[in-house]
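Sequences are here, hints too, so could you generate the full structure?
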Amino acid sequence: MSNREAMLEKLAALDTEHAKAVAGGGEKYVGRHHARGKLLPRERIELLVDEGSAFLELSPLAGWGSEFPVGASVVTGIGVIEGVECMITANDPTVKGGASNPWTVKKIFRASQIAEENGLPTVSLVESGGADLPTQKEIFIPGGKLFRDITRASARKEPTIALVFGNSTAGGAYVPGMSDYTVMVKEQAKVFLGGPPLVKMATGEESDDESLGGAEMHARTSGLADYLAEDELDAIRIGRRIVARLNWRKAVAPPTAWAEPDEDPDGLLDLIPSDLKEPFDPRDVIRRICDGVSDTNAVVFDEFKPLYGTSLVTGWAKLHGRSIGILANAQGVLFSAEAQKATQFVQLANQTDTPLLFLHNTTGYMVGKEYEQGGIIKHGAMMINAISNSTVPHLSVIMGASYGAGNYGMNGRAFDPRFLFTWPSAKSAVMGPAQLAGVLEIVAQQSAEAKGQPFDAEGFKGVKELVEAQIEEQSMPHFLSGMLYDDGVIDPRDTRTVLGICLSVIENQPIVGTDRFGVFRP
Amino acid sequence: MINRLLVANRAEIASRVFRTCRELGIETVAIHSDADAHLPYVREADHAVHLPGNAPSETYLRIDLVLDAARRSGADAIHPGYGFLSENAAFARAVIDAGLTWVGPSPESIEAMGSKIEAKRIMKAAGVPILEAPDEPTEADLPLLVKASAGGGGRGMRVVRSLSELQTEIEKAQAEAASAFGDGTVFVEPYVERGRHVEVQVVGSNVFGDRDCSLQRRHQKVVEEAPAPGLSDEVRAALHDAARKAAEAIDYRGAGTVEFLYDPATERFWFLEMNTRLQVEHPVTELVQGVDLVELQLAAAQASWTMGWPDPPRGHAIEVRLYAEDPANDYQPQSGTLTTFEIPVENGIRVDAGFETGSTVSTHYDAMLAKVIAHAPTREAAARKLASVLSRAKIHGLVTNRDLLVQVLRDPAFLRGEVSTDFLGRDAEGAPQRTLDITTPAVAAAIALAEQAKAARTVQRGIPVAWRNVVSQPQRTVFEEATVEWHGAYSVDGHTVVAAGPDSVTLETDGVRTTYTVAVHGLAVDVDSARGHVRLTRVPRFVDPAEQVASGSLLAPMPGTVVSVAVEAGQTVSAGQPVVVLEAMKMQHTVKAPTDGVVTQIDVKAGAQVAAGEVLAVVEEEG
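Taken in order, these protein sequences are the chains called V and P. So in the numbering used here, spot 34 of the first sequence is number 34, and the numbers just go up one at a time. So in the numbering used here, spot 63 of the second sequence is number 585, and the numbers just go up one at a time.
Since the hints were derived computationally from the structure, they do not count as laboratory data. Where hints are given, some of them may not hold.
[What the hints assert, rightly or not] From the derived model, a few chain P residues whose C-beta atoms are all more than 10 Å from chain V:
{"no.": "1", "residue": "A557"}
{"no.": "2", "residue": "V571"}
{"no.": "3", "residue": "G649"}
{"no.": "4", "residue": "V681"}
{"no.": "5", "residue": "S686"}
{"no.": "6", "residue": "R740"}
{"no.": "7", "residue": "E756"}
{"no.": "8", "residue": "E817"}
{"no.": "9", "residue": "A822"}
{"no.": "10", "residue": "D848"}
{"no.": "11", "residue": "D1066"}
[Unchecked claim] Derived DEER-like restraints, expressed as beta-carbon distance ranges:
{"no.": "12", "chain 1": "V", "residue 1": "S294", "chain 2": "P", "residue 2": "G1135", "range": "21 to 31 Å"}
{"no.": "13", "chain 1": "V", "residue 1": "A244", "chain 2": "P", "residue 2": "G1135", "range": "45 to 55 Å"}
{"no.": "14", "chain 1": "P", "residue 1": "A903", "chain 2": "V", "residue 2": "A19", "range": "56 to 66 Å"}
{"no.": "15", "chain 1": "P", "residue 1": "T1037", "chain 2": "V", "residue 2": "G292", "range": "56 to 66 Å"}
{"no.": "16", "chain 1": "P", "residue 1": "A1011", "chain 2": "V", "residue 2": "D281", "range": "37 to 47 Å"}
{"no.": "17", "chain 1": "V", "residue 1": "A457", "chain 2": "P", "residue 2": "Q995", "range": "53 to 63 Å"}
{"no.": "18", "chain 1": "P", "residue 1": "T1037", "chain 2": "V", "residue 2": "S2", "range": "49 to 59 Å"}
{"no.": "19", "chain 1": "V", "residue 1": "A35", "chain 2": "P", "residue 2": "A1068", "range": "27 to 37 Å"}
{"no.": "20", "chain 1": "P", "residue 1": "T1037", "chain 2": "V", "residue 2": "A244", "range": "27 to 37 Å"}
[Stated by the list, open to error] SDA-like mimics (lysine to any residue), calculated; alpha carbons at most 25 Å apart, straight line:
{"no.": "21", "chain 1": "V", "residue 1": "K38", "chain 2": "P", "residue 2": "K767"}
{"no.": "22", "chain 1": "V", "residue 1": "K96", "chain 2": "P", "residue 2": "S994"}
{"no.": "23", "chain 1": "V", "residue 1": "K38", "chain 2": "P", "residue 2": "H1009"}
{"no.": "24", "chain 1": "V", "residue 1": "K186", "chain 2": "P", "residue 2": "V1065"}
{"no.": "25", "chain 1": "P", "residue 1": "K646", "chain 2": "P", "residue 2": "A577"}
{"no.": "26", "chain 1": "V", "residue 1": "K250", "chain 2": "P", "residue 2": "A975"}
{"no.": "27", "chain 1": "V", "residue 1": "K96", "chain 2": "V", "residue 2": "K157"}
{"no.": "28", "chain 1": "V", "residue 1": "K186", "chain 2": "P", "residue 2": "A1133"}
{"no.": "29", "chain 1": "V", "residue 1": "K186", "chain 2": "P", "residue 2": "K646"}
{"no.": "30", "chain 1": "V", "residue 1": "K38", "chain 2": "P", "residue 2": "E1007"}
{"no.": "31", "chain 1": "V", "residue 1": "K157", "chain 2": "P", "residue 2": "T980"}
{"no.": "32", "chain 1": "P", "residue 1": "K646", "chain 2": "P", "residue 2": "P834"}
{"no.": "33", "chain 1": "V", "residue 1": "K38", "chain 2": "P", "residue 2": "F1064"}
{"no.": "34", "chain 1": "V", "residue 1": "K20", "chain 2": "P", "residue 2": "R998"}
{"no.": "35", "chain 1": "V", "residue 1": "K186", "chain 2": "P", "residue 2": "T1083"}
{"no.": "36", "chain 1": "P", "residue 1": "K1127", "chain 2": "V", "residue 2": "G31"}
{"no.": "37", "chain 1": "V", "residue 1": "K20", "chain 2": "P", "residue 2": "H1009"}
{"no.": "38", "chain 1": "V", "residue 1": "K106", "chain 2": "V", "residue 2": "K369"}
{"no.": "39", "chain 1": "V", "residue 1": "K378", "chain 2": "V", "residue 2": "R413"}
{"no.": "40", "chain 1": "V", "residue 1": "K20", "chain 2": "P", "residue 2": "A1011"}
Just so we're clear, the structure is a prediction, and the values are computed from it rather than from any experiment. C-beta: ideal position from N, C-alpha, C; glycine also.
Listed below in structure tokens is the structure:
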């Protein structure tokens, strides 16, 4: 099978998983929802965003591999509304009434983190039955952060807008409650702390949905609704008008001219080996995702320290006219020289307020006597220090392997890059499955020997295979994406577009590099 | 010697006369009403005089104002164009009396030909065949045509097919003529069922060839050509001879047209009338005869010209009159802004236009936008060329008869020369079907609109249109006429997008590549291509429900209680009449009828609580 065929197969599998998220609660519930004249979350979003603008859906595979449906009953993503880049979240009421499960909460946390880091307004399309009660223990206590985040966003002058299409009761009532603007759809929105049965139990009062939390009531009596929408379309129309009046100004003016890549991004499918043991030249990737030569870009990629630490490629390029610094693994392994080179490069980017792009294909820092004695730990630590304290925006793309501390050094999830996307070809774990199983075997053998017991190598073979399969499974992009360890798995051919959106989004905040790092041990 | 000429007319004919004036070094003066102030002819003139008002009776028909304009502008000659005062002997006389040069025949000639009955008498005496109904018509003389003596352009004509109806029709025609022309005189003549309208151009008593103007709609000429097709040499010679006799009979001066009714079945013709002015369709004669009729008119008016024989006709010319009218809706005249008006002027094509891109077409005057004329070696070539130019013209903003004209020019019967005055009324064979597919132009329009939105982006300019990492549904572009579904990167079922831009899209459909140009004006989207023009109307994505209330709806100005309802459903009300009285905060508000009309809906009763903005009643304007 050619590299292309292998990648296309993985992309087809990705489409299948995405389709599961799009299908929401399945035909029956989607049909019922439509029959009520209501729109699906993605239909609402399509109407909300500017015509022909992009929508970058985030964490579409959230909950993959868990007991909950793929997508975690909520859609999040970045869309352009009236020319303003907004974080959009939309409950999927076809999935258990839009109830929040632990993955829903994680996914919304991630969305609000992105909104916060990039200073985006948030528009919430609300229709949720509240918490998934059987898993309340994982939701209730941490879930309070959802509401805290809304008002903190407001305090940071990042506007919050809630368009309420249906249920938003009990705790959920605080989503419109905490938002700067609320729009409620007539005869659909239902926003109260306690419904008629609870009120009856608590105080004996007879009541109904409409008087407790109907849109008309909130628009005319309680004042919780700032706008009363005639229907869903009207709510979306009003939401767009609200954004249009936010007087939104980005911190950085957008670039105006650039050239498309000199080489067709389609070639990325041929480039990435199906076997990650085979290295590939990241310069070939850079040429396919960065701006080509033009009047404003005389050279596609100006490599920094090309002769030193050659297993890590560093250099400057442009993407949609924006300057970026790139760190890309070339030979998998990181040595001391590579770590030192990376540290210097990150400092240079901070000096010039230039965002950084990390292209992962690393098997980790080199091990062995020679390297330990050469200071691989202190040099690796320098690199991790640099990327941890760097304040220019970081973008990470896991192209292939991302193993061990290499994942950290290359700005893995724990290091909070602004955005992190994965290619279907990626694998990430503490080490490769075979190595991990092998290590386990050696440890087991030593343990047996220490106890003076014979080691059943034949018997351990089964365990080893099982562990290997399990690690292999847990290293796969779908699994990691399901755990919210990235912001999505993307088609390599879309990398330039995805990064272009991210670079535009980060310009909602000023880009300021730091001169303060932790103590280096050179 | 004419130094400064005033054209007592408007739009294309004024432009046409100015063109010759410029060539001859004569200064020009335009007159214009309020509505015409921005038409090209006003700009083209060296001087322009504003006649306040719009109605022709206040402006172009006011002899005193026109003469005053001539005096003020220092014009020493007046050309009347066609229509308006062009065949008004009193005007001609007034011009001459004012010491100005009148570019036209003598007032006596105008008078003589102005009355159809008088004209027939003169022609009969001169030996020109005329149509006459027997004094006592019988069944054999049917059908008959009742015609107003002072009428023209088809107005006041009635076809009678049964003797019993004759008297009533005459009375009706008299009444109609009296109100329309102030002269109730009518006459009766035989009606030729499949007649053709053939006319002869004269200058003085010299013949400048013939024309066929049979293709008419509601007795208004639409397609005209020179020479008249399918006439035998004998018939043509006899026609020319008759025209010459007619002109000689009144000692005619300048350009005129003798119109005949020709029956191809019997090869007979009869004098209909003589137009003592330049005809609308004069360009076809100019092209095949190689002359400038306006120049000849000016020469004749200055008596400075001696006439030689015109050249023999060269090739064939066809003219169409492009009207702002809706053929599908009883040819209703259209008004509004011509957002684009571009007719390709190519070899062999002449465009006499009164309007340009951005012009406003008003309802005050004739809705003719332009005459488009093709000149080619053969009739068929001229028709083909003209149809092609018309179909490629960009005409946006108004409905026109363009498609109908193209259809006529491609109609096999027309191409065989089988033209008659009832051609458009009959079931034409129809052009070889080029059904205008609306879906493909709509696809092109949707993509151009997306490109326009992309070009207008303020953020994420480099991102492909409608890019999605998770695709859930197609993009939808909705027009009243069609809905287009497409995906990001322009994948559309059944079409390949070869090139996309904000005003031009190239699609490959079924292996055929076609480029569509797309123009957007508000919600109107005009798509032009070699396949023709399609006009689409965008359905806005969002409509504020507050703007959706039925027009004439009376809304509660504030929340309150209805004190009384003063009207009933179905009741006729006049503007300002109280409809509902509301009380709120101890104040009474009377909601009144906005216009004269009928109450079609009452939604409230006395005592009802109403919210601000609630519909109380609907009053529909009458008429």
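Margin query: Run through the hints listed earlier and report the numbers of any the structure violates, in increasing order.
Written below: Hints 11, 12, 13, 15, 16, 18, 21, 25, 27, 29, 32, 36 and 38 not satisfied by this model.
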